[in-house]
Amino acid sequence: MNNPLKTMTEERIYLYPVWIRLWHLLNAIVCLTLIITGISMQFSNPKFPMIRFNVAVSIHNFAGIVLCLSYILFIIGNLLTSNGKYYKPIISGFFNRLKAQFIYYTLGLFKGKTAPFPVTLERKFNPLQQVTYIGTMYFLVPLSFITGIAMLYPEIIPVRIFWSSGLHFTDLIHITAGFLISVFMVIHIYFCTIGNTPLSNFKSMIDGYHESH
Amino acid sequence: MVKSHNYRPAWIILVILICLGITFTLGYSVNSKAGGIDTTVSKEKPAVQKTQFSSHKHAIDNENCLKCHGQSKYSYQNTESKKIDTKKMYSELIIDRTLFYESNHREFKCVDCHSEDYNTFPHAGNLRMESKPNCLDCHGGDEKYAKFHFENIEKQFQESVHSEKHSEDFTCWMCHNPHTYKINARTNENIKQTVAYDNAICLNCHGNLSNYQLLTDKANPNLLQKHDWLPNQKLHFRSVRCIECHTKKINDSTLVAHKILPREKAVRQCDQCHSSNSQLLATLYKYKIKEVRSAKGFFEGVISNDSYVIGANRNYYLNLISLVLFSIVIIGIIIHTVGRIFK
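Protein sequences appear in the order of chains A and B.
For the first sequence, the positions run 1 to 213 when the numbering used here is used.
For the second sequence, the positions run 1 to 343 when the numbering used here is used.
The set of hints was computed from the structure by calculation and includes no laboratory data.
Just to be clear, a hint being listed does not mean it is correct.
As the list claims (entries may be wrong) - Just so you have them, the derived chain B footprint on chain A, three or more residues with Cβ under 8 Å:
| # | stretch |
| --- | --- |
| 1 | 43-53 |
| 2 | 86-98 |
| 3 | 106-120 |
| 4 | 183-192 |
Even glycine gets a Cβ: it sits at the ideal position worked out from N, Cα and C.
Let's have the full structure, built from the sequences with the hints guiding it.
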């Protein structure tokens, strides 16, 4: 078994244990599947079917259930291992750190400056990553699967919520959360190219080692 | 002075008594032939039992029939035993006053469609042989009803699986109970109620073996099993009418399609409804669409108050916002990438 302290070198940190890599892979596949089938259903057109509607529904439902299981795995993993600590923000001075990271991404990066919050064993995420990951993993994903489960069992949804039908309201939240997760995913994939090399972060999710730069 | 007596009033009273005697004697002999029960159906206008219906045009006349057919039991005097006999009314012969006076035919007298001989009790046995009028007998070729296109409906019905399989045994009345049927989709704001009302018409036979077997000896197919391919079956059953998938849409002039398709030709393609060009626009939501169809081509708002159809409900503004947001993200990524390349 890899010991993070022993395997740490100057450039390489063993940051992603097997369970995180497997979970991340599963999560990536499931989220992509959900986004593609979701778009196919939302914009279904009998003349130009992306995926046949009933097939898209079945796949979407199945992938949704897998996402729930994967989320349970994520929560248990975070409770039992040290991975959970990366999601706990240090409140004091958080906005200043957020600002510093934003300035780095928008200006410093192009001027060849070093990252203000480099990855270490104690800090896997920079403040911007932390805020988006917390928002996604602890707000958007639960919101999407809670509304998703509700739509899987529509009889549990109140007939009316506010101004519209309960089902419509639930779906509106579901597709909004789904859309924001897909935006997160695009940005997440792009930012993964900002590593030691454009592919080094992708490699990290295969071998578990983060290459510092 | 001797007072002359005036006997005229006495004569009048005597004549009246004689007439009454003759009437009762004749009446009794008719009663005896009729099996010893009271056949008199009062010629007087009966009091309308349910006062809330008394405002209806023929409520008083109809009460002659409804005093027996309007409830689950009826009473008459048995002229043999002189007792009041109470019998149970067959459920098929009970006319619900509320439903009747809310139905399309509420303005009719019972005897407009049924023989006047029904005014006599007990009803003569041969009356059950009377042929019932069909829809076109009244509605066909009449300018007043032209907008309903009854001729088109008749043509579609003749091509329907109901008519083809059961020929003349299957009449309009099988679905449109003349005593209760009322137009619904175009008058009821609540789509769910329209769905429940219209589906109950189908289930009256397809969910009721004794009614189903009036026309066939076959066992009634299990509807839940036959529709087990349908995701969220309950929700579909509550939200759409059977006819959305089981009829062929012909043209816009026919208000409701009547060409019921054979099972194998029913719609099974989800995106026929789950798409922006949902066929529900031409059927279930047709009347609402006419009022509030969005200029953007979506029926957002039309059904959001009652229901939701994935793929058909598309919020124009949400779509626009998401497109703009996504474009900003992509443009941002492109600019950032270019910046990284040329830094």
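Verification of the supplied hints:
1. 43-53: Answer holds; 7 residues pass the 8 Å Cβ test.
2. 86-98: violated (count 0)
3. 106-120: Holds, because 4 residues of the stretch 106-120 of chain A bring their Cβ atoms closer than 8 Å to Cβ atoms of chain B.
4. 183-192: Holds, because 4 residues of the stretch 183-192 of chain A bring their Cβ atoms closer than 8 Å to Cβ atoms of chain B.
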